[in-house]
Every structure is written in structure tokens, then in C-alpha cells.
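Trainee: Residues per chain are reported as follows:
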Amino acid sequence: MKRRHLLAAFASLAACRRSLKPRLNVFNWSDYAARDTVPAFERRHGVELRYAVYESNEEMLAKVFSGNSGWDIVFPASSLIGPMRENGLLSPIDRSQLPNLANLDPRFRHPPWDPQLEWCVPYMWGASGILYTRKLNPPPRRWADLWDPRLGGRITMLDDPPDAIGAALKKLGFPLNSTNPAELDAARAELLKQKPLVRAYLNAEARDQVVSGDLLAAQMWATTARQAMDAAPHLAFAYPEEGFSLYADCAVVLKESRRHELAHRFMNYLLEPETAAAVVTECLTATANAAAQRLLPPSLRDDPVLYPSPEVMNRGEWLQALPPAAQRLRDRIWTIVKSS
Amino acid sequence: MWTKVRFWTLAPSRLLMGLLFAAPLCIVAAYSLLTRGAYGGQSPPWTFESYARLLDPLYAAILFRSLWIAALSTALCLLLGFPLALFISRSAKRKNLYLQLVMLPFWTSFLVRTYAWMFLLRDTGLINTILQSLGLIREPLPLLYNEWAVVVGLVYGYLPFMVLPLFATLERIDPNLLEAAADLGARDTDTLFRIIVPLAMPGIVAGCVLVFIPCLGAYLTPDLLGGGKSMMAGNLVQNQFTNARDWPFGSAASLTLMAMVMLALAWLARRQKGDLL
Numbered sequence: 001m002k003r004r005h006l007l008a009a010f011a012s013l014a015a016c017r018r019s020l021k022p023r024l025n026v027f028n029w030s031d032y033a034a035r036d037t038v039p040a041f042e043r044r045h046g047v048e049l050r051y052a053v054y055e056s057n058e059e060m061l062a063k064v065f066s067g068n069s070g071w072d073i074v075f076p077a078s079s080l081i082g083p084m085r086e087n088g089l090l091s092p093i094d095r096s097q098l099p100n101l102a103n104l105d106p107r108f109r110h111p112p113w114d115p116q117l118e119w120c121v122p123y124m125w126g127a128s129g130i131l132y133t134r135k136l137n138p139p140p141r142r143w144a145d146l147w148d149p150r151l152g153g154r155i156t157m158l159d160d161p162p163d164a165i166g167a168a169l170k171k172l173g174f175p176l177n178s179t180n181p182a183e184l185d186a187a188r189a190e191l192l193k194q195k196p197l198v199r200a201y202l203n204a205e206a207r208d209q210v211v212s213g214d215l216l217a218a219q220m221w222a223t224t225a226r227q228a229m230d231a232a233p234h235l236a237f238a239y240p241e242e243g244f245s246l247y248a249d250c251a252v253v254l255k256e257s258r259r260h261e262l263a264h265r266f267m268n269y270l271l272e273p274e275t276a277a278a279v280v281t282e283c284l285t286a287t288a289n290a291a292a293q294r295l296l297p298p299s300l301r302d303d304p305v306l307y308p309s310p311e312v313m314n315r316g317e318w319l320q321a322l323p324p325a326a327q328r329l330r331d332r333i334w335t336i337v338k339s340s
Numbered sequence: 341m342w343t344k345v346r347f348w349t350l351a352p353s354r355l356l357m358g359l360l361f362a363a364p365l366c367i368v369a370a371y372s373l374l375t376r377g378a379y380g381g382q383s384p385p386w387t388f389e390s391y392a393r394l395l396d397p398l399y400a401a402i403l404f405r406s407l408w409i410a411a412l413s414t415a416l417c418l419l420l421g422f423p424l425a426l427f428i429s430r431s432a433k434r435k436n437l438y439l440q441l442v443m444l445p446f447w448t449s450f451l452v453r454t455y456a457w458m459f460l461l462r463d464t465g466l467i468n469t470i471l472q473s474l475g476l477i478r479e480p481l482p483l484l485y486n487e488w489a490v491v492v493g494l495v496y497g498y499l500p501f502m503v504l505p506l507f508a509t510l511e512r513i514d515p516n517l518l519e520a521a522a523d524l525g526a527r528d529t530d531t532l533f534r535i536i537v538p539l540a541m542p543g544i545v546a547g548c549v550l551v552f553i554p555c556l557g558a559y560l561t562p563d564l565l566g567g568g569k570s571m572m573a574g575n576l577v578q579n580q581f582t583n584a585r586d587w588p589f590g591s592a593a594s595l596t597l598m599a600m601v602m603l604a605l606a607w608l609a610r611r612q613k614g615d616l617l
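Just so you know, the protein sequences line up as chains H and R, in that order. Position one of the first sequence corresponds to residue 1 (this note's numbering), numbered consecutively onward. Position one of the second sequence corresponds to residue 341 (this note's numbering), numbered consecutively onward.
Don't take each hint at face value.
As the list claims (entries may be wrong) - Computed list of lysine to any residue pairs in SDA-like fashion (alpha-carbon distance at most 25 Å, straight line):
#	chain 1	residue 1	chain 2	residue 2
1	H	K193	R	A401
2	H	K135	R	E479
3	H	K63	R	A363
4	H	K193	R	N583
5	H	K195	H	P149
Hint data in this document are derived by calculation from the structure and do not stem from the laboratory.
All chains should be built: construct the whole structure from the sequences, respecting the hints.
Mentor: Written out as C-alpha cells, the structure reads:
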């Protein structure tokens with residue numbers, strides 16, 4: 001009798017631990033979901049969601065590369081879609097299960113990194129530019145202004161090789177994704193020339209220091225800059241005249257996932273205009289969803305930092321995956337710049 | 341009988357060391373001999389190419405900077421830690437309290453404490469604000485994002501590793517010896533340098549080793565307080581595993597660093613006639 005009680009107790013314990021609800025595992029960037037995005041999906045479909053966030057592509061890749069990370073959906077940057085597919089990490093998208101794909105902005109229906117959207121669903125996008133304080137007169141308009149001695153010691157560059165090297169390449173009039181050794185060498189010389197003026201190589205941490213006034217200008221991602229401007233009205237953002245980098249974070253289903261149907265249901269949910277609009281309103285990001293953009297309050301919808309005009313967008317260039325030789329050369333350049 | 345007991349009592353720690361130390365190290369060693377995939381990952385063929393790349397003078401310069409910063413931080417730790425440890429070992433009643441205070445910083449994460457230093461050192465930080473409001477300076481001093489900030493952060497972070505072994509040896513010194521020295525007419529400086537320091541030598545060596553090695557591999561402090569402007573060996577390894585996605589090269593660099601530290605320790609141990617630590 002006693003033993004039977006014990007067994008029953010174990011059985012109920014086991015039942016508690018493994019709830020019968022199907023569970024989906026979603027690994028996303030921080031700031032990419034509103035407070036109610038996940039709970040609303042759970043309520044509507046009676047499923048459980050394990051949702052966690054990361055801060056860099058590398059952090060996510062290090063886990064996913066093992067092939068048994070336990071995640072179903074992750075959100076890599078557009079330049080990683082090709083490499084991840086070639087490494088056999090992705091499972092193809094079934095478009096018939098995603099009627100809401102029609103809501104995507106036409107620009108994201110046939111993107112260069114996945115023209116038929118066979119492997120990914122564009123979610124949010126962004127660009128790099130210059131966050132600066134309005135005290136600066138004249139205000140910076142070009143990457144070349146970050147080489148101006150009058151800003152000496154009061155600027156930061158991104159601690160991110162494609163963007164920092166990219167700014168030097170654009171300043172020189174070369175393509176952002178250049179693999180040409182001569183062009184890259186010229187970019188290295190530019191970055192070394194700039195280094196005495198650079199206070200530090202920082203990513204999002206630079207935001208607080210522009211707000212506090214420690215810095216006059218910083219190379220920054222547009223959405224991060226927009227969040228800073230929300231806190232500090234004395235800040236402004238410029239899309240450099242020479243051109244700038246563009247990236248999109250896209251939802252993908254991992255090959256290891258065994259919940260394809262549920263994964264597609266979740267992606268279709270993210271593509272609903274109301275879902276995406278709620279995320280943008282709360283997190284101040286730029287959605288790839290045109291129907292959602294129409295739902296936004298005018299102040300956000302017409303925000304020139306989050307949604308620049310077509311003329312500005314024409315200067316943008318998508319970051320691409322580069323061949324190994326160019327990657328190695330760029331890594332060497334970055335090591336030289338940071339250690340000189 | 342005793343050998344059997346020894347075998348079984350040591351078995352768990354052997355297993356633990358094997359699983360958690362030796363096995364990962366073997367994996368790193370294997371990675372360092374593989375080839376980087378086109379977009380990260382590692383695969384055959386087996387090659388020494390990653391090690392050959394380390395011969396580039398660029399990496400030697402990074403190593404020398406790391407050695408210099410680690411040596412300077414260790415020296416400063418010794419300079420600050422020795423008087424402190426001596427003071428604690430000579431304080432009768434409050435000894436435990438002082439030791440607790442030395443350990444106190446470990447109650448919070450190193451990352452949080454390093455961020456706290458950023459708030460002290462930056463232009464609008466506490467130090468510059470106070471100096472400016474006292475009228476001592478007009479423009480804020482550039483305290484953050486240079487090599488000195490890195491050294492300050494390392495000294496702060498690893499000082500306890502110097503104080504504790506120093507305290508342990510200083511406390512064991514027989515007070516009668518110091519009395520005898522005084523009776524025989526030794527001045528205080530003589531007592532310090534001819535009695536205390538030689539007797540404390542094992543603690544000095546242990547403290548220096550415990551501070552120098554983590555300083556050499558530091559990557560968080562140079563990144564946060566150095567602003568990523570003076571790359572150290574730890575940053576090189578970290579960058580290979582993240583941005584560059586070149587795990588074979590990162591593995592080769594970290595194993596080479598480790599081999600050099602172990603050779604230096606072996607040399608030190610021989611000089612100390614096996615009395616190290």
C-alpha cells in the first residue's frame with residue numbers, strides 16, 4: 001500500500017515536470033518582443049513557450065552550431081542565413097503555413113540573402129549611422145566627420161568589425177562588403193589614422209555615455225540610437241552621406257527542431273500586424289512588416305530614424321557573408337587596429 | 341590496506357579533474373589542429389597552420405603588452421598587498437574582521453564591480469565631478485579607456501589573491517625572531533628586508549603567481565576599462581571565438597599561452613627547489 005502511494009507520488013511529480021502541453025523553444029534578441037507577445041500566443045494556442053534572449057549573433061551561434069541546442073526558432077542576422085544554411089543548420093520554410101507573409105514590406109519579400117524566402121522570415125531590421133549631441137555645430141553628416149580632430153577623444157566606434165571597417169571603406173568610397181585586399185588595406189590605414197581620436201570601441205554601452213555627455217558622437221545602430229533619443233531629446237542621428245550598413249534579423253527554424261508545425265504557427269503570429277506593431281511601440285525597433293507599420297501612431301510611423309525615407313535608404317548596403325580569405329584579412333586588420 | 345583507501349578516496353577528485361579539466365583541454369588541443377570551416381566550425385584536415393600563424397610579429401606584440409600589463413599589475417599588488425598583509429597579521433583582535441573585509445568584494449560579481457569602476461572613472465563620473473566641483477581641474481581628466489585604467493582594474497580585482505597567501509606566511513613568522521633582531525640592534529628596515537621578507541618569500545611567490553596568471557589572461561577588464569583599444573592575449577582568444585569565428589586559431593593561441601605559463605611555473609618551481617605554493 002505504502003509503495004503504491006510512493007509510485008503515485010512519483011507519477012504525479014513526473015506529470016508536473018513534463019506538462020502535456022506542446023512546448024516551443026524560441027531564442028531571440030533582447031528588445032524584440034513586447035511584454036505580452038509571448039503570453040498572448042500561449043493563451044491563444046494553449047501551448048507553452050520557452051523564451052530566452054541573447055545579445056549577439058556569436059552568442060547564439062556558439063549554442064546553435066552544436067546541432068542540439070534545444071531551440072526551435074532563432075533570429076540570426078541576414079548575413080548569417082547563407083552560412084547557416086550551408087552548414088546544414090536550417091530547415092526550409094513552408095510558405096503555405098505562413099499566410100501572413102503577405103504583410104511583409106515589399107523590400108523584404110525578395111531580399112538578396114534569400115530571394116524566395118525559402119529559409120527565413122525577415123523580422124526586424126536596422127542600420128548603422130552616427131548618434132551625436134545637438135551641441136555639435138555643424139552636425140556630423142558623413143563618416144569623414146568622425147575623423148575630424150575637433151571631436152578628438154569624444155567619439156566611439158562600434159566594437160564590431162563589419163561596421164567599423166565598413167565605415168572606413170565607405171569613407172573611402174569603396175563597397176561595404178569589399179573583399180579587395182588593396183581597398184581593405186586602405187581602410188586599415190584610415191582606422192589607424194582615426195584611432196588617436198577614438199575614445200573607445202564600444203557597442204550599445206556607448207549609448208549611456210552620449211546621453212551623459214561624455215561623448216559628442218558615436219557610431220551606433222539606428223534602433224539603439226532611437227532608444228537613446230527617447231531618453232535624451234538633445235541627441236540626434238545621421239545616416240552618413242557616403243552610405244551605411246543595413247542588416248535584418250530573420251526568424252529561422254533550426255534543422256534540429258521537431259516542432260515545425262508549431263514553429264510556423266508562431267512565425268505566422270509574429271507576422272500579424274497587431275503583434276509586430278505592439279513590439280515596435282514598446283521596444284522602438286524597425287519592423288519588416290508593412291501592415292504593422294501602418295498601425296503605428298504617426299510619430300513612430302514617420303520617424304526618420306526608425307524608417308528613413310527612400311532616398312536615404314538608397315545609400316544603404318546590406319552586410320553580406322564574406323569568403324574565408326576576406327574574413328581572415330579583415331580579422332587581421334581588426335587585430336592590428338585594436339592592438340596598435 | 342592504506343593504498344586501497346587512498347585509491348578510493350582519491351577516485352572522485354581524479355574523476356572530476358579528468359572530466360572537467362583534462363577532457364575539455366584535449367578537445368581544445370584537437371580543435372587547435374583542425375581547419376576552420378568556411379563560415380566557422382572546424383573540420384579536418386589536421387594541420388599546424390594555426391600555430392604557424394602565431395609566429396606573426398603582430399601576435400608577439402600583443403603577448404608582450406599582456407606580459408607588461410600583468411607584470412606591472414602584479415608589482416603594484418605586491419606593493420599594496422604586503423603592508424596590508426603585515427598589518428593584518430600583526431593586529432591581534434580584529435584579524436578576522438580585516439580578513440573578511442579583504443574578501444568582501446567577492447560577494448558580488450567581478451563584472452558588476454568593473455562596471456562600478458567605469459562609473460568612478462568616466463568624464464561625468466564621481467572622481468572627475470568631485471575634482472571639478474573643488475575647482476582643482478577645469479576639464480575632466482581622461483581616466484577611463486587607457487592602459488592605466490586597465491591596470492587599476494586588475495590591481496583592484498586581484499589584490500585579495502596577493503594579500504591572502506602573504507598573510508598566511510607572515511602570520512607564521514615567530515614573533516621571537518623579530519624581538520631577537522631588535523635586541524641585537526637591527527633597525528626596522530633591516531628587520532623587514534633581512535628577516536621578514538626572506539621568511540615571507542614563499543607567500544610572495546605564491547601571491548605573485550596567483551595574480552600574474554589571471555592578469556595575463558584577462559579579457560573583461562581590458563575590454564570594459566581599456567575600451568578595446570589595447571588588445572591583450574585574452575581579448576585575442578575571445579575575439580577568435582566570437583567575431584572571427586576561428587576556433588582553431590583561438591584554441592592554438594590559448595594553448596600556447598597556457599604552455600608558456602606552465603613552462604615559467606616549472607622554471608620557478610625548480611629555482612624554489614620544488615617548494616612552490
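Trainee: Run the distance test for K193/H versus A401/R: straight-line Cα separation, threshold 25 Å.
Mentor: Satisfied, since the Cα-Cα distance of roughly 19 Å is no more than 25 Å.
Trainee: Does the structure keep K63/H and A363/R at a Cα separation of 25 Å or less?
Mentor: holds, 19 Å
Trainee: For a C-alpha distance cap of 25 Å, please report whether K193/H and N583/R respect it.
Mentor: holds, 23 Å
Trainee: K135/H and E479/R were given as a pair; does the straight-line alpha-carbon distance stay at or below 25 Å?
Mentor: Within the cut-off at roughly 17 Å; holds.
Trainee: Would the pair K195/H and P149/H pass a check requiring their Cα atoms to be no farther apart than 25 Å?
Mentor: Holds, because 11 Å separates the two Cα atoms, which is no more than 25 Å.
Consistency note: the structure conflicts with none of the earlier hints.
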